[in-house]
Amino acid sequence: EVELVESGGGLVQPGRSLRLSCATSGFSFGDYVMSWFRQAPGKGLEWVGFIRSRNFGGTTEYAASVRGRFTFSRDDSKAIAYMEMNTLRTEDTGVYYCSRGGRGVIAAEMFDFWGQGTLVTVSS
Amino acid sequence: QSALTQPASMSGPLGQSISISCTGSSHDVGGFDFVSWYQQKPGKAPQLILYHVNKRPSGVSDRFSGSKSDNTASLTISGLQAEDEADYYCISYSSSTLLDILVGGGTKVTVL
Numbered sequence: 001e002v003e004l005v006e007s008g009g010g011l012v013q014p015g016r017s018l019r020l021s022c023a024t025s026g027f028s029f030g031d032y033v034m035s036w037f038r039q040a041p042g043k044g045l046e047w048v049g050f051i052r053s054r055n056f057g058g059t060t061e062y063a064a065s066v067r068g069r070f071t072f073s074r075d076d077s078k079a080i081a082y083m084e085m086n087t088l089r090t091e092d093t094g095v096y097y098c099s100r101g102g103r104g105v106i107a108a109e110m111f112d113f114w115g116q117g118t119l120v121t122v123s124s
Numbered sequence: 001q002s003a004l005t006q007p008a009s010m011s012g013p014l015g016q017s018i019s020i021s022c023t024g025s026s027h028d029v030g031g032f033d034f035v036s037w038y039q040q041k042p043g044k045a046p047q048l049i050l051y052h053v054n055k056r057p058s059g060v061s062d063r064f065s066g067s068k069s070d071n072t073a074s075l076t077i078s079g080l081q082a083e084d085e086a087d088y089y090c091i092s093y094s095s096s097t098l099l100d101i102l103v104g105g106g107t108k109v110t111v112l
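Chains as they are written, first to last, in this note's numbering: chain A, 1 to 124; chain B, 1 to 112.
Looking at chain A on its own, in the form it has when it is part of the complex (with noise of 0.2 Å):
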């Protein structure tokens, strides 16, 4: 059974970093794009980005919005991946869920399981 899991998220003061974690098992993680999509309170689903998979050189695409602060890495040995977000805004705030991609270089193919979220809050 296929299974996405995060963790880390939290309060936090803007400025300041945090890092979440996607736990998965169930499939065989080093062959796919994972990717990360939050959401707003109350507000729609934003793409956030991915990571392709090593196959496809590992490579990392983001959203304008999440450019420069945010980079994501994985860990294929331990099937998880990683978001490490710094200089973190209010407007930052939201549900942060891991997803797994599609198998080819064309991560949006498909996005056929997702963790249940972590919440982070970006506040003073």
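Calculated from the structure, these hints are not laboratory results.
Wrong hints could be hidden among the right ones.
[Stated by the list, open to error] Below, computed lysine-lysine pairings styled on BS3-like, alpha-carbon distance capped at 27 Å:
no.: 1; chain 1: B; residue 1: Lys68; chain 2: B; residue 2: Lys108
no.: 2; chain 1: B; residue 1: Lys108; chain 2: B; residue 2: Lys55
no.: 3; chain 1: A; residue 1: Lys43; chain 2: B; residue 2: Lys44
no.: 4; chain 1: B; residue 1: Lys108; chain 2: A; residue 2: Lys43
no.: 5; chain 1: B; residue 1: Lys55; chain 2: A; residue 2: Lys78
no.: 6; chain 1: B; residue 1: Lys108; chain 2: B; residue 2: Lys41
no.: 7; chain 1: B; residue 1: Lys108; chain 2: B; residue 2: Lys44
no.: 8; chain 1: B; residue 1: Lys41; chain 2: A; residue 2: Lys43
[Unchecked claim] To spell it out: a stretch of chain B is covered by chain A in this simulated footprint if at least three of its residues, at any positions, have a beta carbon under 8 Å from a beta carbon of chain A; those stretches are:
no.: 9; segment: 50-57
no.: 10; segment: 101-111
[Said to hold, decoys possible] If you want a taste of the chain B side facing chain A, the calculated C-beta under 7 Å gives, among others:
no.: 11; residue: Gly31
no.: 12; residue: Phe34
no.: 13; residue: Ser36
no.: 14; residue: Ala45
no.: 15; residue: Tyr89
no.: 16; residue: Tyr93
Remember, predicted model here, so these are calculated numbers, not experimental data.
Idealized CB from N, CA, C, for every residue including glycine.
Take the given structure of chain A and dock chain B to it, following the hints.
Using the frame of chain A, we list chain B on its own:
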């Protein structure tokens, strides 16, 4: 403002059908078949219900179907049931150099 346009809300009586539109451009929805749809219920993570425009993952009801015409993709829910009340999002690949993935603003479906 989302790059993909969806109606903010739609409603229909039990048993009826509704179609939710997702409008983009030739650089995304119109140019590729990498359109997927997600259902999200309150307090829950989104769930994939269609991918590649009209393919259903295993376990998804055949009351959900998809299509595409020009730059607009559509999700049709046939025979509306109470459990279909949820938010629905479309997602598409984009060939733009600035954006790889576009997400619709979401449509809240109410079953009357």
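- Query: Do the numbers back the hint for glycine 31 of chain B, that is, is its least Cβ distance to chain A under 7 Å?
  - Reply: Result: violated, 12 Å to nearest chain A Cβ.
- Item | Hint check: 7 Å Cβ-Cβ cutoff, phenylalanine 34 of chain B to chain A | holds, 5 Å
- Query: Under the criterion that the straight-line Cα-Cα distance not exceed 27 Å, is the pair lysine 68 of chain B, lysine 108 of chain B satisfied?
  - Reply: With a Cα-Cα distance of about 20 Å, the restraint between lysine 68 of chain B and lysine 108 of chain B holds, given a limit of 27 Å.
- Item | serine 36 of chain B as an interface hint toward chain A, with CB separation required under 7 Å | Holds, about 5 Å.
- Item | Restraint check for lysine 55 of chain B with lysine 78 of chain A, where alpha carbons must lie at most 27 Å apart | violated, 32 Å
- Query: Do the alpha carbons of lysine 108 of chain B and lysine 43 of chain A lie within 27 Å of each other, as the hint requires?
  - Reply: Satisfied, since the Cα-Cα distance of roughly 11 Å is no more than 27 Å.
- Message: Under 7 Å is the threshold here; is the Cβ of tyrosine 89 of chain B close enough to any Cβ of chain A for the hint to stand?
- Response: holds, 5 Å
- Message: When I compare C-beta atoms, does the segment 101-111 of chain B have three or more residues closer than 8 Å to chain A?
- Response: The restraint on the segment 101-111 of chain B holds, since 6 of its residues have a Cβ under 8 Å from chain A and three suffice.
- Query: Within a Cα-Cα threshold of 27 Å, do lysine 43 of chain A and lysine 44 of chain B meet the stated pairing?
  - Reply: holds, 14 Å
- Message: At least three residues with a C-beta closer than 8 Å to a C-beta of chain A: is that true for the segment 50-57 of chain B?
- Response: Contact hint for the segment 50-57 of chain B vs chain A: holds, 3 residues under 8 Å.
- Restraint status (C-alpha distance of lysine 41 of chain B to lysine 43 of chain A at most 27 Å): holds, 13 Å
- Agreement of lysine 108 of chain B and lysine 55 of chain B with the hint, judged by alpha carbon distance not exceeding 27 Å: holds, 22 Å
Going through the hint list in order, the structure does not satisfy hints 5 and 11.
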